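In order, the protein sequences belong to chains A and B. Residues in the first sequence are numbered consecutively from 3, following our numbering. Residues in the second sequence are numbered consecutively from 114, following our numbering.
Note that these hints are calculated values from the structure, not bench results. Computed from a prediction, not measured in an experiment: that's the story for all the values here. Be a bit skeptical, because a hint or two may be false.
Stated by the list, open to error - Beta-carbon label-pair distances, calculated as ranges:
{"#": "1", "chain 1": "A", "residue 1": "H45", "chain 2": "B", "residue 2": "F138", "range": "21 to 31 Å"}
{"#": "2", "chain 1": "B", "residue 1": "N434", "chain 2": "A", "residue 2": "I99", "range": "31 to 41 Å"}
{"#": "3", "chain 1": "A", "residue 1": "N55", "chain 2": "B", "residue 2": "H159", "range": "57 to 67 Å"}
{"#": "4", "chain 1": "A", "residue 1": "L80", "chain 2": "B", "residue 2": "Q311", "range": "26 to 36 Å"}
{"#": "5", "chain 1": "B", "residue 1": "E678", "chain 2": "A", "residue 2": "I92", "range": "14 to 24 Å"}
{"#": "6", "chain 1": "A", "residue 1": "N55", "chain 2": "B", "residue 2": "E219", "range": "31 to 41 Å"}
{"#": "7", "chain 1": "A", "residue 1": "G47", "chain 2": "B", "residue 2": "F138", "range": "31 to 41 Å"}
Claimed, not checked - So these bits of chain A aren't anywhere near chain B, every CB distance computed over 12 Å:
{"#": "8", "residue": "A16"}
{"#": "9", "residue": "A17"}
{"#": "10", "residue": "S18"}
{"#": "11", "residue": "R21"}
{"#": "12", "residue": "W22"}
{"#": "13", "residue": "I23"}
{"#": "14", "residue": "V24"}
{"#": "15", "residue": "F28"}
{"#": "16", "residue": "L29"}
{"#": "17", "residue": "A32"}
{"#": "18", "residue": "L34"}
{"#": "19", "residue": "Y38"}
{"#": "20", "residue": "Q63"}
{"#": "21", "residue": "A73"}
{"#": "22", "residue": "G87"}
{"#": "23", "residue": "K90"}
Even for Gly, the Cβ is constructed at its ideal location relative to N, Cα and C.
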Amino acid sequence: MSSSSRKNRNAINAASLARWIVMTAFLALAGLSYVYLTLQLYHLGERKKAIENELASLRTQNDVTSVQIAALTSRSALQRRLKEGYLKMIPISENNIVRLTIPPHPERENAIRPVINQSGTR
Amino acid sequence: MNPNIRRRCALLCAAFVALFSVFSFRLIYLQVIKHDAYAELAAEKHGYRQIIYADRGTIFDANNDVLAHNVPVETVLADATRLNNSRAVVNLLSDELDIPADALAEKLNSERRYIVIKRELSESLAGALRDKLRANNLRGIYFEHDGSRIYPNGSMLCHVIGFTDFEHRGIQGVEASMDEYLRGQDGYRYVERDRTGQEIVPYRGQERAPRDGYEVHLTVDLALQNIVENEIDAAMKEYSPQKATIILMRPQTGEILAMANRPNFDLNLRSKAKPEAMKNRAITDMMEPGSTFKIVAAAAALNEHKFTPDSTVFCENGLWNFGGTELHDHRAFGYLSVRDILIKSSNIGAAKLALGVGEEKFYEYIRRFGFGERTGIELPGEINGVIRPPRLWSKISITRIPMGHEIGVTPLQMTVAMATIANGGKLITPRIVKSVTAADGRVISSLSPVVLRQVISAETARRIGDALRGVVSDRGTAAAAAVPGFTIAGKTGTAQKVARDGGYEKGKYVVSFVGYLPADHPEFVGLVVLDDAHTSKPELNYGGLVAGPIFSRVAEKAARYLDLEPHEEIRKAIPLQPAQKNIPAERGRPPRRAAPVERVALTNASHH
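With the rest of the complex left out, here is chain A (with noise of 0.2 Å):
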């Protein structure tokens, strides 16, 4: 009798038990991993878009600053601020100036010689 129970009893295999586990619970992780490297996927694509917007911004503010300071430092504007007093120019007379060019040849005898017109200058 209690032979035959134990006949009938179904033997558990341990081995195949054990290879069962492995492949449910690999299987398992694969699946965990791919939600998670989804998740991932799409946290680090809303980090990258947050980064290029970021990026965008700052080139943004760089093109703006620059646009401000060619403004700014124009010809016009320096101008309009020599008009309005805020610069001061001096200009720089000739003995003050040092010149180490080569001076020009000198004018050959029988040349034209020009005339010099003060009241040209403004």
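Let chain A serve as the given structure and place chain B on it in line with the hints.
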């Protein structure tokens, strides 16, 4: 089992099989047969080809000062399929963007999917609008990064720089001629959006980065341009001419150092500018050059060895009847040397020089100097001018063309012709673009001087240059064009203004002066042209008296800026007594005398 039950079970099974077969066939139809069509539809719904705009290249002057660049702006777009509350969107946008609600609603209800609502919205306004849309949970409105063209110097150099249209295409000036380089290439990116319209970054498709436009460097020096602009403004104030042009050019390289025209306009307010203010008259308008053209006749005569600088020509004592028509000089000249024909600006003398050369040969020299064809400068809209071939000349044309009548030339052509004299007879193509570079400094294109031809020999050019020095002397017609410390070679011109319907406008003149400095080793050639200047007395409306002093002021300041060393011996001069100056007449009128001209001259000014 009861046969009835069995039959019923079989029928139920058959029904299930039939039902699921239908489902299966439907699935196969949708997933396999119609796969491409639905995939395309889905992609169209969620996918979007996003344009990544390339920045237009910056324009710089010769010293890397910015002349034109971009300010970031945004374009507001609507995706009609994604608007979740059209009425609220219309109300918000019409308030924020100052667009009439009706017009906006009509726009949004059009059949198009993507609708441009507003262009060139500033970054700050776009940011505020974006926040409000988000706060009200309104969808379907997108912002695209874009750039708007800004010109920091306003109206300065406006005709040269030009401008773009709203699609960033160059319309005028360097913006148009160098558009291919400046424009760059837009990029794109295929993106997918979720139901809220946000991009799903992992699903990004194919992407191509934009290539920003190249940077264009001009030959113009803003400091010199500033000098020219100030002087042309002063001239406009003083003489109220209809039009005015000043050009500075480096003769050895053909580089345009400055170019200004009046009337002008503010590049940042171009929509308000009048069309006539937008014309670059230095290249698009032609004029009768008047006596400045005598350099061509003299150059041809000397180069053909028909005359020497000291050859004398009888100038008919101021009145010559040729071909049944009278030709006048402003003074009664007897015998004049070729040199003095230029110095005194004798019409009869110049006519006889051209006659000596002959019609065909003279025409050949006119063309060799570059008249009658575009100079090739990198600016759009340049005209050829009008030089008729000898077969179309009248009997007296050979006597009128040498004094700059019966022809049409542009101010730039006249400058180039004088540069040819200054440059030892070599005709150089004028250039306004120095180089094209990438943003990282890589040189894409660097333009070198182009010598078109040797028009006259170096010796002839030197001889003409010597004669032209005399023009800016106490004996010449342009004493007022002199610059302290420098020798100047130049020529005045006064031509009666050509009427639109033919003939000449009475009492209206185009006065000009073209010259170079220093005469020995020219650093720049300058041209001043005033069309219909208003002087206090009509007899003062002459090239030497109006354009000459303007040239003098421009040249003096330019010489100082370029650090040209003045000659002390030229500086040491004594004032001449205010003299009754003979008015140089290039108008074919009897001689007159004008008001005294204040000037100083060297004590030992030679007379020959």
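Consistency of the hints with the structure:
1. A:H45 and B:F138 have their C-beta atoms about 41 Å apart, which leaves the hinted 21 to 31 Å range violated.
2. Here the CB-CB span from B:N434 to A:I99 is close to 57 Å, at odds with the stated 31 to 41 Å.
3. Against the hinted window of 57 to 67 Å, the Cβ-Cβ separation of A:N55 and B:H159 comes to about 21 Å, which falls outside the hint.
4. Range check, A:L80 to B:Q311: about 46 Å between beta-carbon atoms, so the 26 to 36 Å window is missed.
5. Between B:E678 and A:I92 the beta carbon distance is about 21 Å. The supplied range of 14 to 24 Å therefore holds.
6. Roughly 33 Å separates the CB atoms of A:N55 and B:E219, a value that falls within the hinted 31 to 41 Å.
7. At roughly 38 Å, the beta-carbon separation of A:G47 and B:F138 lies within the given 31 to 41 Å, and the hint holds.
8. No Cβ of chain B comes within 12 Å of the Cβ of A:A16; the nearest lies about 42 Å off, and the non-interface call holds.
9. No beta-carbon of chain B is positioned within 12 Å of the beta-carbon of A:A17; the least distance is around 40 Å.
10. The Cβ of A:S18 lies farther than 12 Å from every Cβ of chain B, with a closest approach of about 35 Å, so its non-interface assignment holds.
11. At roughly 35 Å from the closest C-beta of chain B, the C-beta of A:R21 stays outside 12 Å, upholding its exclusion from the interface.
12. Taking the minimum C-beta to C-beta distance to chain B, about 32 Å, the non-interface status of A:W22 holds against the 12 Å cut.
13. Against chain B, the non-interface label of A:I23 holds: every CB pair exceeds 12 Å, the least being about 33 Å.
14. Even its closest Cβ contact with chain B, about 31 Å, leaves A:V24 beyond 12 Å, as expected for a residue assigned away from the interface.
15. Interface exclusion of A:F28 from chain B stands, the closest Cβ pair being 25 Å apart, more than 12 Å.
16. Every CB of chain B lies more than 12 Å from the CB of A:L29, the least distance being 24 Å, so the non-interface label holds.
17. The Cβ of A:A32 sits about 19 Å from the closest Cβ of chain B, beyond the 12 Å cut-off, so the non-interface label holds.
18. Here A:L34 stays apart from chain B, with its beta-carbon at least about 19 Å from theirs, past the 12 Å limit.
19. Its beta-carbon lying about 14 Å from the closest one in chain B, A:Y38 satisfies the requirement of being farther than 12 Å from that chain.
20. Chain B draws A:Q63 into its interface by the beta-carbon criterion, the shortest separation being 8 Å against a cut-off of 12 Å.
21. With a closest Cβ-Cβ approach of about 5 Å to chain B, A:A73 is found to fall inside the 12 Å limit, against its non-interface label.
22. Every C-beta of chain B lies more than 12 Å from that of A:G87, the closest at about 18 Å, which supports listing it as non-interface.
23. Listed as a non-interface residue, A:K90 keeps its Cβ farther than 12 Å from every Cβ of chain B; the least gap is roughly 17 Å.
In terms of the numbered hints stated before, the structure departs from hints 1, 2, 3, 4, 20 and 21, listed from lowest to highest.
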